[in-house]
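Chemist: Here are the chains, one letter per residue:
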Amino acid sequence: MRTGVVGLILPPTFPFLDMMWRICPALAVGCTVVVLVPPATPTPLLLAQLAGELAPFPGILNVISGPDSLGPVLAAQPGVQKVAFCGATEEGRALRRTLAGWGPELGLALAAESLLLLTEVADVDSAVEGIVDAAWSDRSPGGLRLLIQEAVWDETMRRLQERMGRLRCGRGLDGAVDMGARGAAARDLAQRYVREAQSQGAQVFQAGSVPSDSPFFPPTLVSDLPPASPCAQAEVPWPLVVASPFRTVKEALAVANGTPRGGSASVWSERLGQALELAYGLQVGTVWINAHGLRDPAVPTGGCKESGSSWHGGQDGLYEYLRPSGTPAWIPYLSKTLNYDAFGLALPSTLPAGPETGPAPPYGLFVGGRFQAPGARSSRPIRDSQGSLHGYVAEGGAKDIRGAVEAAHQAAPGWMSQSPAARAALLWALAAALQRREPNLVSRLERHGVELKVAKVEVELSVKRLRAWGARVQAQGCALQVAELRGPVLQLREPLGVLAIVCPDEWPLLAFVSLLAPALVHGNTVVLVPSGACPIPALEVCQEMATLLPAGLVNVVTGDQDHLTRCLALHQDIQALWYFGSAQGSQFVEWASAGNLKLVWVNRGCPRAWDQEAEGAGPELGRRAARTKALWLPMGD
Amino acid sequence: MSAHQQGTELDLSWISKIQVNKPAVLRRAEQIQARRPVKKEWQAAWLLKAVTCIDLTTLSGDDTASNIQRLCYKAKYPIREDLLKALNMHDKGITTAAVCVYPARVCDAVKALKAAGCDIPVASVATGFPAGQTHLKTRLEEIRLAVEDGATEIDVVINRTLVLTGQWKALYDEIRQFRKACGEAHLKTILATGELGSLTNVYKASMIAMMAGSDFIKTSTGKETVNATFPVAIVMLRAIRDFFWKTGNKVGFKPAGGIRSAKDSLVWLSLIKEELGDEWMKPELFRIGASTLLADIERQIYHHVTGRYAAYHDLPMS
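Residue numbers (the working numbering), protein chains in the order written: chain V, 219 to 855; chain X, 20 to 337.
Hints listed in this document are in silico derivations from the structure and should not be mistaken for laboratory results.
A quick note: this is a predicted structure, and the numbers were derived from the prediction, not measured.
Please note that a few of the clues may not be correct.
[To be verified] Lysine to aspartate or glutamate pairs mimicking EDC-like chemistry, simulated, CA-CA at most 16 Å apart:
hint, chain 1, residue 1, chain 2, residue 2
1, X, K36, V, E656
2, V, K674, V, E656
3, X, K36, V, E488
4, X, K292, V, E368
5, X, K36, V, E373
6, V, K682, V, E831
7, X, K265, V, E831
8, V, K671, V, D829
9, V, K468, V, E368
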């Protein structure tokens with residue numbers, strides 16, 4: 219069902235087409251839109267005029283012209299359910315921090331830089347044309363990082379410089395001109411970058427016929443920039459191209475993925491196998507093979523890592539403005555007194571328990587495929603519903619989280635390369651093991667005050683869900699039909715990487731399994747913090763996983779929920795965090811995710827009905843557990 | 020005419036690693052057509068430039084002395100006198116670049132041009148035009164006979180069989196022999212790109228032809244199903260530029276077949292300007308093989324001068 223009121227915050231010099239691509243899907247699914255645009259740009263005025271022409275439905279599209287600071291004000295209005303932000307990375311980060319706890323979902327589309335990878339078996343002349351399209355035309359969204367295989371470095375540079383000489387800059391509306399200007403701010407940014415690059419020792423080449431008055435900036439090629447210089451890690455502004463060499467395909471992938479941004483990329487190679495290997499290996503949202511900058515409304519376009527998580531086009535673009543039916547509207551749950559620096563920082567000290575009844579060896583942390591002692595070498599007692607001691611579990615801390623995330627990363631490549639059928643088989647084996655353990659699990663749940671009938675249902679549903687998720691994910695991707703392209707566009711669903719999950723207290727076993735299964739089956743590796751009050755059923759499941767699953771695939775860390783949440787939320791190498799705890803924790807998670815702009819899913823302190831199909835095993839879980847990549851394959855010989 | 024391009028030794032490494040990506044070339048071709056429009060008096064000037072680059076062609080089975088004579092007269096006076104006067108270009112010697120006929124009609128063409136008092140070269144097609152599927156001996160003999168009759172430019176067709184079977188050395192040797200048989204005459208090598216199968220083959224054949232000493236490379240005979248298109252031209256122009264970078268020799272380019280409108284001719288000129296530069300925009304290095312194009316250009320100039328659209332019968336026939 220539709221989300222409701224959508225707020226859209228746009229940067230200066232945003233193309234009209236991109237504005238339409240974001241507004242029209244929202245209107246189409248039934249949302250109403252409020253657009254905040256910077257003042258003194260003419261294009262949004264056209265938008266406002268069009269909005270005024272929607273006479274039968276006044277108010278479905280509204281345009282406000284104002285400074286950036288109005289962004290949080292817009293988001294804080296009651297009734298705004300989603301805020302979509304397009305613009306610079308730092309502003310997106312600041313907005314994420316400001317909006318923590320306010321309620322609306324935040325979609326970010328940041329960093330317009332793209333990547334072009336030129337191998338030695340490419341058609342170099344055509345790749346040079348691709349570079350011109352990518353960096354020095356009015357269609358290009360931002361600067362370009364150019365990676366050239368060393369064997370063709372000289373040839374490419376020569377052709378590129380020759381081609382740059384033929385470019386013409388001038389007023390954008392003149393049809394005979396290749397590129398226009400984007401305002402004084404963009405020009406100053408480019409100028410600063412060039413000066414800094416030169417001071418670091420880079421070679422700068424500029425060419426093309428450019429009018430000398432501002433704000434025109436000539437097409438620029440920067441090479442020999444040392445990779446360790448601060449310029450090389452910053453976003454490349456328009457209209458610059460920063461070129462660097464690479465030796466082998468493996469190195470190319472490492473260099474290309476070695477930046478926090480992951481928007482779009484193109485691979486130029488005439489060898490199909492090599493092109494596909496590069497395309498699958500790049501961590502970006504869109505890959506074009508032997509082309510650059512192709513777009514179509516039917517193909518989802520978005521990014522990953524710090525390029526933001528919002529999508530437009532295709533089905534994903536529509537899902538941005540929808541939420542599962544029956545979900546109540548988001549309301550602010552802001553706690554103004556939350557101290558972000560102090561949340562979860564200190565471990566509450568626990569007094570040792572009274573006389574212990576019965577031997578209860580402490581459970582360790584399940585990290586790297588086996589149970590280990592925690593770094594702090596202490597345990598916490600778990601009490602059952604009568605208040606007597608049920609057992610001891612490990613007290614995990616920051617070091618343990620770090621170890622768990624590392625183990626998860628180590629297991630990730632192997633797990634990602636497994637076929638969906640192999641993953642399904644493992645989940646089925648786990649389901650069978652769980653079924654064998656049923657009496658044990660039921661008794662553990664009963665001790666925590668769960669009724670026998672409900673406990674049985676819980677275990678049964680857990681087994682069923684493991685099997686169901688295994689069967690659900692079979693297709694690796696689907697081919698889209700694109701109107702103007704000869705050739706397929708593949709829409710792939712790729713794993714996010716390492717997924718961190720903080721499980722809720724309600725339905726301790728069922729929620730644990732319901733969150734684990736979709737994450738695993740989509741190819742992610744997981745770090746879990748089980749329910750604080752009742753972690754023992756989860757740890758029982760870990761005993762099965764120790765024998766069935768590859769090491770490091772699932773890591774379970776017990777301990778103080780707030781402290782562990784803090785460690786996970788601030789960790790820069792976790793790709794997504796699902797938090798089902800308190801409202802304050804949700805707010806902290808949203809705030810802290812701004813660090814590496816990880817995807818977050820919080821419950822805002824509201825419990826979820828895990829036993830209902832819609833909430834416990836619905837398609838929402840599947841959507842959130844993977845990300846899309848569009849792979850364009852123009853054909854022809 | 021300028022001196023001959025001597026060609027080089029065969030070096031297969033120049034073509035061994037080449038790959039041409041067709042969708043990307045198609046995209047570039049579309050872009051070129053939209054990006055550099057020419058209007059008003061500049062358009063008229065470019066059209067006159069295009070006229071001076073035309074090889075006025077007639078290659079039909081029913082050519083006789085009478086239509087050859089008409090063609091040659093039109094070559095000397097391509098645009099009506101009063102239109103040229105209105106543009107103040109009547110004394111600049113605007114004629115077409117050459118006249119192109121079958122070998123058997125070379126004598127008639129030479130006679131007609133002499134009678135008209137014109138020193139435009141006569142170009143003859145040769146070597147089994149258009150299919151080239153005759154014995155090498157007769158193909159070389161054709162060239163010699165055409166040169167004897169007075170042709171100063173020869174348009175030869177390459178042996179497509181050699182291209183499709185990858186016999187690059189044999190192709191090089193054959194074109195070298197054509198070069199020798201031409202003697203002092205200019206050699207234009209027709210690649211018949213519509214029959215070469217892929218753009219990569221077009222590039223390779225262009226390189227081989229230039230290495231063997233062609234003065235011009237030409238896209239097609241005009242008799243194939245697909246003749247001169249922009250994607251093929253882009254590939255050939257890239258080959259010409261690469262050859263120039265490697266050896267310093269400038270080889271000319273001639274598209275032929277399917278160029279009928281004045282607008283097309285403007286796009287061709289801007290393509291040459293974009294890919295190769297201003298030096299190639301002259302008859303020594305660029306020709307258009309066309310027959311009805313001249314009529315359309317004349318009508319465009321008529322429109323520019325008078326502001327009215329002419330009927331075909333307002334202007335002298337070629």
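Chemist: If you check each hint against the structure, which ones fail?
Modeler: 1, 4 and 7
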